[in-house]
Amino acid sequence: MRKFIIFSLQFIVYSLLLVACSGGPKNPMKTEQLPVIYPDYIGVTIPADIAPLNFNFADEQIDGMDVVIKGSKGGELHAQGNYADFDIDDWHALTEQNQGGELTVTVCVEKDGQWEQYQNFTIFVSKDRLDDWGLTYRRIKPGYEVGGDIGIYQRDIHTFDEYAILTETVVPGRCFNCHTANRTNPNRITLQMRGEGGGTLIQKDGQQKWVETKTDITQAAGSYSYWHPDGDYVAMAVNSVHQSFYTGTGQRIEVYHRFSDVEVLDTRTNELILSPLLFTDDLEIFPAFSADGKSIYYSSSKPCRVPAEYEKVKCSLCRIAFDAKKGQFGETVDTLLNGPATDQSYVLARPSYDGRWLMYCVSSRGNFPVSQDDADLWLMDLKTGESRELSEVNSPKSDSFHNWSGNSRWFVFASKREDGMYTKLYFASIDDQGKVSKPFLLPQRNPRKYYLEMMDAYNCPDFTKTKVELDAHETYRQVFDNIREQVKIKE
Amino acid sequence: MKKGIGKYYNLGLSMLVGIGVFLFWYVGYPHALSYQEQYQLFLWTGDYFLERLNLPGGLADWLSEFIVQFYYVEWQGALLLTLLFVALQRLILWLLTHGGITQGTVPMCLSLVPVALILWLMGDINVLLSLPAAIVLALALACIRLSKRFSWIDVLILPVAYWLIGPAVWIYIVVRVLQLGWKHLWSAGWLVAVQLMAYAWLLPQWPLQQVMTGLNYYRIPLQYPQWSGYNKDMYELIRMDYLVRNECWDEIEKRAGEYQVKTAFWSNCVNLALAEKRLLADRMFDFYQSGEDALIMPRTRDLTSMLPSAEAFWRLGMVNSAQRYMFDTQESILNARKSGRCTKRIAECMIVNGHYQTAAKQLNLLKKSLFYRGWAVEAEALMKDEAKVNAHPVYGKLRQLRYKENFLYSYDEMDKMFGLLFLNNQENKMALDYFMAQMLLKGNLQGFQQYMGTVQRYGGYRQMPFGYQDVMRCIQMQGRVPDSPYAKYVQRMTRREAER
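Top to bottom, those sequences are chains A and B. Each residue of the first sequence is one higher than the one before, counting from 0 in numbering that gives the first Met the number 0. Each residue of the second sequence is one higher than the one before, counting from 0 in numbering that gives the first Met the number 0.
Honestly, the hints are just simulated from the structure, not real lab data. Model, not experiment: these values are computed from the prediction. Built from N, CA and C at the ideal position, the CB exists for glycine as well. Hints are supplied without guarantee of correctness; some may be wrong.
PhoX-like, lysine-lysine: derived pairs with alpha carbons at most 20 Å apart [unchecked claim]:
| hint | chain 1 | residue 1 | chain 2 | residue 2 |
| --- | --- | --- | --- | --- |
| 1 | A | K448 | B | K276 |
| 2 | A | K437 | A | K423 |
| 3 | B | K367 | A | K448 |
| 4 | A | K29 | A | K140 |
| 5 | B | K366 | A | K448 |
| 6 | A | K448 | A | K140 |
| 7 | B | K276 | B | K428 |
| 8 | A | K126 | A | K434 |
| 9 | A | K25 | A | K126 |
| 10 | A | K487 | A | K324 |
| 11 | B | K383 | B | K366 |
| 12 | A | K140 | B | K337 |
Chain A regions said to be covered by chain B (calculated; three or more residues, Cβ under 8 Å) [said to hold, decoys possible]:
| hint | segment |
| --- | --- |
| 13 | 139-147 |
| 14 | 417-431 |
Using the sequences and the accompanying hints, generate a full structural model.
Have a look at this one:
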């Protein structure tokens with residue numbers, strides 16, 4: 000009997016070893032269907048060296064999963080388990096080897112003891128690299144008027160590692176946002192803290208200073224910032240943001256501004272540069288310097304009695320010249336896209352850093368696209384002035400908060416496509432002809448578990464060239480000691 | 000013989016402590032248990048445990064949250080608290096008698112002092128159980144005998160103990176110094192160094208003040224416990240919310256007649272209970288009314304104020320507003336914990352609105368808890384069948400009651416909001432009662448008179464409610480009605496306006 004037990008155990012162990020060494024399921028039943036996986040990585044284009052595109056099988060009732068990836072330029076990767084979990088180094092090696100090529104993915108799934116092999120799908124590896132270190136973003140509960148446990152984080156996009164930049168724990172009870180680096184370079188950062196004891200952080204080469212950007216004339220502190228390419232000026236909107244709430248089952252929140260103007264802060268002198276063209280009764284919002292720094296794109300809408308007339312908020316996309324040497328605005332405003340005339344709202348213009356494209360949001364109304372269900376991304380060719388909808392990436396829900404990678408070949412955006420509430424981050428590539436790839440969700444080690452358990456929404460994503468260094472203890476000291484440099488208006 | 004008798008005395012004393020503590024919580028303050036329970040959601044997962052252990056004091060936090068989850072069933076919560084307090088008393092007694100701190104016989108009643116002090120301290124509603132749990136753990140550590148020869152081992156023990164227990168480990172140092180003499184004071188310096196090193200290298204997102212004094216002993220960051228004890232009015236409000244949570248409408252009405260706390264929160268609870276019993280029209284002004292906020296409070300950034308209003312919204316059929324108030328309440332929990340009560344209601348709102356994907360997220364969380372799991376599993380199954388949701392006695396009804404038109408909520412026009420809700424479904428008697436009540440609170444007597452016909456037609460009253468009769472008399476007599484509850488309310492509001 001004892002011999003029998005030992006023999007049986009040996010048989011089981013050897014059988015397990017045999018299966019483990021076999022490298023995959025034997026004689027699976029083949030089906031013509033594509034596998035339904037989460038996230039949907041079928042046919043996406045990725046940069047080499049990105050974090051592994053781990054995925055789960057959509058149907059949770061499976062016994063196991065076996066995935067083999069073969070590169071068109073060589074290399075192979077194998078993963079077996081409850082979900083496809085690839086080794087980071089092996090994944091990097093495979094994608095590096097297949098840059099400009101494609102990966103063929105074979106998925107087999109075991110259900111009730113029977114293996115089933117789905118139709119292969121392809122992941123394209125772009126020839127364009129994404130060499131930025133990672134992403135920065137704010138994580139916030141998708142609530143209403145209370146921010147809760149807010150935090151600004153950074154994520155190494157080549158691995159799964161996330162690091163806090165600034166969280167609520169170090170500045171309790173403060174709402175902060177609008178963290179902005181200079182064209183992905185974190186040697187210049189600005190960040191706004193709203194409400195009582197608020198202020199604006201200007202960090203240059205690791206040195207923090209907090210400034211009070213509210214003056215008697217400008218009414219509010221600056222927000223929605225954007226750095227000038229030279230790293231000396233920051234364009235900001237000064238506004239008063241509010242929310243109202245719907246009674247229906249669709250869109251939950253309408254965000255509106257009671258007033259809004261655009262200004263530029265000279266961070267060397269703490270002077271605000273104003274223009275009568277940008278301090279009007281109209282609402283000027285979301286400024287962004289052009290790639291050459293010679294102009295500012297922004298949106299502008301006519302004043303309405305909000306919230307009652309929230310449907311009348313239609314933003315035009317405008318441009319005004321800016322002379323960095325003199326620190327002066329131009330004297331005329333160009334209207335690139337007319338909101339009221341087209342019955343649309345054009346907001347959140349973001350020029351690519353190579354000066355080729357201008358990406359912006361289009362929605363039926365409003366000046367805060369992340370809260371608009373119908374907000375979509377559009378692209379303007381700055382050579383021709385022609386615009387088109389980015390139907391390759393848009394969804395029926397809000398797509399917004401886009402930003403460019405350092406080399407302007409990739410962009411990240413926030414989308415509510417999955418559930419209409421919890422914003423998630425997607426990447427897509429764009430080539431020199433403006434051809435845009437199918438977007439892919441920010442990879443996670445175990446995506447289904449991660450995103451199901453994630454109770455935060457992502458917003459304001461941006462690429463960062465290197466890891467952001469912010470001394471949060473110093474931030475605490477300056478915020479709570481109320482150390483602020485008061486800005487003044489430039490004569 | 001004397002030793003034997005002393006042992007029985009000791010045990011008897013501990014039993015008395017246990018009985019006293021149990022009765023204190025279970026009979027005296029079950030609502031305090033419910034209050035604490037609703038501001039956390041203990042998850043039975045490894046991730047949750049590791050998340051707690053990620054910060055100093057994590058083991059104490061985890062242990063306290065483990066206990067607090069049982070407050071959901073008051074007698075279980077009271078029993079676990081009893082065990083904790085008895086442990087505290089026994090550890091103190093042991094240290095006093097065996098730890099070498101005192102010589103000779105120490106009065107046993109001395110061991111009751113910390114018990115009484117902590118019980119009193121817990122009267123501050125923001126004191127978290129992490130603090131007593133950490134104290135017990137620190138005392139338990141101090142009970143491990145350590146000879147002078149091996150006192151150096153504290154070099155290793157202190158960093159680990161600080162990480163698991165938090166700054167309560169200072170109690171351990173005090174006991175050790177008393178046991179081993181003043182030469183052991185080096186350990187105090189070492190602990191300060193450990194805390195500073197943790198601050199500099201391991202806790203970049205925490206202020207020094209909290210690293211030194213505790214990250215999660217107190218719910219409000221950068222603040223400390225008050226020796227406020229059990230403030231009568233505060234605990235009456237907590238009891239009212241507890242009764243609302245448990246739908247004890249009769250009990251609310253009864254208590255409201257005996258003691259009133261003149262706040263909008265109290266008015267919200269009482270009015271909701273009256274409305275549930277269809278007595279709002281009759282008796283509303285028999286009780287204290289805080290003003291226009293007596294039915295629904297405006298948004299307030301704290302973790303309690305909006306709860307009765309959220310409950311009223313839910314029962315009225317204002318599902319989005321219920322979800323919003325619950326969401327903002329949950330996000331106002333300053334130690335960033337989830338709330339089982341809020342999460343459950345948020346999930347319910349999402350189910351009523353057909354937002355099943357986001358509801359599934361909330362249910363996934365609740366499924367990992369002990370006391371909300373059963374409900375979450377049922378709700379998850381329910382969501383898979385739209386017909387069952389429509390037929391559900393609560394969710395199906397709310398789908399009929401909620402607004403069919405999409406417009407923007409306006410707190411300043413709450414009377415119109417209630418009116419539209421009633422027009423939306425004329426079976427919604429509660430909305431009609433709230434509509435009329437809000438007009439009375441605002442002093443809109445013209446509107447009140449205008450809609451009296453609607454009340455007669457749709458209110459379902461056999462006769463005009465006493466409260467409305469009183470108002471009509473006030474209108475006819477231009478307020479000169481002696482002993483009229485509504486006239487008194489109007490006079491009070493007029494005085495308040497004049498004082499402003």
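Results of checking the hints against the structure:
no., hint, result
1, K448(A) <-> K276(B), "45 Å, violated"
2, K437(A) <-> K423(A), "15 Å, holds"
3, K367(B) <-> K448(A), "13 Å, holds"
4, K29(A) <-> K140(A), "43 Å, violated"
5, K366(B) <-> K448(A), "14 Å, holds"
6, K448(A) <-> K140(A), "18 Å, holds"
7, K276(B) <-> K428(B), "11 Å, holds"
8, K126(A) <-> K434(A), "14 Å, holds"
9, K25(A) <-> K126(A), "35 Å, violated"
10, K487(A) <-> K324(A), "19 Å, holds"
11, K383(B) <-> K366(B), "16 Å, holds"
12, K140(A) <-> K337(B), "11 Å, holds"
13, 139-147, "holds (count 7)"
14, 417-431, "holds (count 5)"
Of the numbered hints given earlier, the model fails hints 1, 4 and 9; all others are met.
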